[in-house]
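Chains as they are written, first to last, in the working numbering: chain Y, 1 to 344; chain F, 1001 to 1164.
Honestly, the hints are just simulated from the structure, not real lab data. Please read all numbers here as calculations on a predicted model, not as lab measurements. Don't take each hint at face value.
Straight line, CA to CA, 25 Å or less: simulated SDA-like cross-link-like pairs of lysine to any residue [as the list claims (entries may be wrong)]: (1) F:K1146 with F:I1027; (2) Y:K167 with F:N1107; (3) F:K1046 with Y:Q184; (4) F:K1042 with Y:G179; (5) Y:K229 with F:I1002; (6) Y:K167 with F:L1044; (7) F:K1100 with Y:F204; (8) Y:K167 with F:K1100.
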Amino acid sequence: MSDSNIKSTGDNISESEKELEDLRRLLIRPEQEEIAQILERMDIPDIRAEEVSRVLAEAIVIRAKRDDRLALALLPTVEKVIRDSVKKDPKFLADAIFPIMGPAIRKAISEAIQAMMQSFNEAVQHTFTLQGMKWRIESIRTGRPFAEIVLLHTLIYQVEQVFLIHKETGLVLLHAASGQENIQDTGMVSGMLTAIQDFVNDSFSAEGTQALQSLNVGELTIWIEQGSKSVLAAVIRGNPPQELRSVLQKALESIEFEQNEALYAFQGDSSSFESSRHHLVACLVKAQRDKKEKKTEKTSQKQPVKTKKKEKDKEKKTGLDLKWLLVAVGVVCMLLIVAGIILS
Amino acid sequence: MIQKKICMLGSFAVGKTSLVQRFVQNIFSEKYHTTIGVKVDKKLVKVGEQELSLILWDIAGEDGYHVIRSSYLRGASGYLLVVDKTRRNTLDVALEVNVKAQEALGNVPHLLLLNKWDLDGKWDIDEATIGELIKNGWDVVKTSAKTGLGVEEAFIKLATRMIG
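Just chain F, same shape as in the assembly (with noise of 0.2 Å):
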C-alpha cells in the first residue's frame, strides 16, 4: 500500500482536530497538541483501485502565541487549510500558512476547507469572498464534523492529486 504523508493546517480552533476524530483512526492523546504540538493520525481511501494510507499530521493551530513548527511539514505530499467560516481572521491566518507550506514544501497538492458549514447565519466570511478565493486558484471545499459534510471527500480529493 503507498503511504503519503499529508499535514492539517490552521488558526487556533477551527475546528481541524473535530473534523478528523470521527473519520480516521487514532491512538494518541489529545495531549500530543498542547505538549509537542503534533498528533499523528491515520486515513485509509481508495483512490479507483489505488489504496492509500494518508498519515495525518494534525498541527497544533497557530496564533498570536504559537507558531507552526516547519519541521513537522518537512516530506508531506499534501495539506490541508482548515478555516473556520466564522472568523474572517482564520482565512488570514490560513493565507499566511499557506506561505509557509509553499516554502517548506513547494508547490504540492492543497485544499482549503471552510469548516463549521452546519452553522447557518453565523457567516463571517461571504460568497463573495469565496468566489474570489475559487478565481484566484483555490480549491475549496465546505466541511463539517457535526454532519460529517464533505470530510471523505475533501481526502479523497486531496488523495486523487497526490498520485495523480
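Only chain Y is shown next, with the shape it has when bound in the complex (with noise of 0.2 Å):
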C-alpha cells in the first residue's frame, strides 16, 4: 500500500511540474522569445550596427551639447585619419582646403608685399632731403633699419572708432571709440556699412570669397576684417601701417573664438558680447608725432607691444645722449689739463 501510494504522489508532482511548466510557456513565451531576438541581435554584428546607425546622428548631437568629450575622445581618430590621408594622398586635402586656403593665402601675401611697398616708397621719398639725411644719421647712430626710422617719423594715425558687426544681419555687436567727437547712431552706420559691403560685392567681386578690405574718405580710412560670422570695421584718421591690420585680425580672432555660441545662436540680443569689449578696444591704436619725438600710445589701459618697443627705444636714446655729454665733458677736461700745462 505504501508503495503505491509514493508511486501515486511521484507519478502526482511529476505531472503537476509538467503542468507547471505549460503554464510557465504558455505565460513568458512572449517575453523568451523577445529576449531570443534580443541576445540574437547582440550576437550578430551587423544587425547591432544597423541598430546603433538609427541614433548614432543623434546620440552625437545630444552628447556634443551635453560636454566636450566626445570632441576629445574623437581627436586622436580624427587627426590620425588626417595624417594618414595626407601620407596617402596630399593631393585629395590640399584640393578640399584650397578654396578657403587660397583666399588666406592671398590674402596673407598681398598684405605683406604692401607693407613693404609702404615702407620701400616711404624710404626712396626720403633719402635724398636733408630730413632723409637726418634720418640716415639717426639709422646708423642707432644701429636701425633706415626704413624702420623713416616710418617712425612719418606715421601719423588713430583708430577712432571699431565696430563689431554680426555678418548676416548687419546689427552692431559691439561698439568702441576713442573719443567721443562724430559718433553717428553706431546700429544705422553699422547697416549701412553692410549694406555698402554687400552692394561692392554684388557689383564687383568676381568671386563669393572677396571681400571688401578697405574704403577712404578723404582723411579716414576704414579698414574692414571679415571673420566666418562677423566682421570688424576700424575708423582710422591718417595713414595706418600695414601692421594695423594683424592687430585688427587678432581681435577678430579671439571675439570669435569667446563667442562662437553667441554668434551662432545670435538673436538680436548683443548683451553678451561686453565681455569681448576688452579685444575692440585693445584695436584704438593712436600714434603720433611731435617735433622732437615720435611715440605711440593707446587709449586703453593695456599698453601695446609696439609702445612698449618704442619706450625702449627712447631709453636707448636717452642712454646714448647721455654717453655723448659723457665724451663732450671728458673731452673739455682734457683740453682744460692740455691748457694748464701749456700755462704752466
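Combine both chains into one complex, guided by the hints.
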C-alpha cells in the first residue's frame, strides 16, 4: 500500500511539474522569444551596427551639447585619419581645403607686399632730402634700418572707432571709440556699412569669397576684417601701417573664438558680447608725432607691444645722449689739462 | 536692448521713404537709394516692457529697371510690403516681391501696408480685393505718410510678431 501510495504521489508531482512548465511556457513565452531575439541581435555584429546607426547622429548631437568629451575622444582618431590621408594622397586634402586656403594665402601675401611697398616708398621718398639725411644719420647711430626710422617719423594715425558687426544681419554687436566726437548712431552706421559691402560684393566681386577690405574717405580710412560670423570695421584717421591689420585680425579671431556660440545663436540681443569689449578697445591704437620725438600710445590701459618697443628705443636714445655728454665733458677736461700744462 | 533687422519693400514711388521719414531716426541722405539702392534708418518701439531697436533697411523700389538685391534681405527678421492704393499694379509688384522675400527669408513676420490712404476717391484697389487679401492670410494695415495713420501701429504690430 505504501509503495503504490508513493508511486501515485510521484506521478502527481511529475504531472504537476509538467503542468507548471506548460503554464510557465504559456505565460512567459512572448518574453522568452523577445529575449532570444535580443540575444541574437547582440551576437550578430551586422544587426548591432544597423541598430546603432539608427540613433548615432542623434546621440552625437546630444553628447556634443552636454560636454566636450566626444570631441576629445574623436580628436586622436581624426588627427590620425588626416595624417594617413595626407600620407596616402596629399592632393585629396589639398583640393578640399584649397577654397579656404587660397584666399587666406593670397590675402597674407598681398598684405606683406603692401607693407613692404609702403616702407620702400617712404624710404625712397626721404632718401635725398635734408630730413632724409638726418634720419640716415639716426639710422647709423641707433643701428636700426633706415626704412624703420622713416616709418617711425612719418606715420601718424589713430583708430577712432571700431565696430563688431554680425555678418548675416548687419546688426552692431559691439562698438568702441577713442573719443565722443562725430559718433553717429552705431546701429544705423553698421547697417549701412554692411549694405555698402553687399553692394560692392554684388557689383564687382568676381568670387564669393572676396570681400571689401577698405574704404577711403578723405583723411579717413575704414578697414574691414572678415570673420566667419562677424565683421570688424575700424575707422582710422591718418596713415595706418599694415601691422595694424594683424592687430585687427587677432582681435577678431579672439572674439570669434570666445563668442562662437553667441554668434551662432544671435537673435538680436548683443549683451553677451560685452565680455569681449577689451579686444575691441585694444584696437584703438594711436600713433602721433611731435617735433622732437615720436611716440605711440593707446587709449586702453594695456600697453601695446609697439609702445613698449618705442619706450625701449627712447631709453636707448637717452642712454646714447648721456654717452655723448660724458664724451664732451671728457674732451673739455682734457683741453683744460692741456691748457694748464702749456700755461705752466 | 534687442535689435532686429527689418526690410521695407515695394514698387517704385509707393511712398516707402515718406512713410518712415517722419517716424524714424535717420542720418543718411536719400542719395543712397539711387546709388546703392538702400538706406538704413532706425525705429525704436516698445512692446510691453521690451524695448526694441528696429534697424530698417529701406530698399529702393522695384520696377521695370531696378531689381531688389537679395543680399539686402539677408538676415531680416521681418518685412513691410508697401502698396500705393491708387495704383493697382503696385499690389502685383508687392506680391511678386513677397515671393522673393519668402525665398530669401522663409516665412518671417510681414505686413502689407496700403499706403496713401488719405487720398480719398482715388482708389484703384477696392474693398473686395482687400477682403480677398485678408482672406488669404495677409495682415493688411491702412497707412498714410501724410496723416501718420497706421504707421506706429504697423511697426508695433510687426515688432510684436517678431518677438512673439
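Here is what the structure says about each hint:
no. : hint                 : in the structure
1   : F:K1146 with F:I1027 : holds (21 Å)
2   : Y:K167 with F:N1107  : holds (21 Å)
3   : F:K1046 with Y:Q184  : holds (22 Å)
4   : F:K1042 with Y:G179  : holds (23 Å)
5   : Y:K229 with F:I1002  : holds (19 Å)
6   : Y:K167 with F:L1044  : holds (22 Å)
7   : F:K1100 with Y:F204  : holds (23 Å)
8   : Y:K167 with F:K1100  : holds (21 Å)
Checked against the numbered hints listed earlier, the structure breaks none of them; every hint is satisfied.
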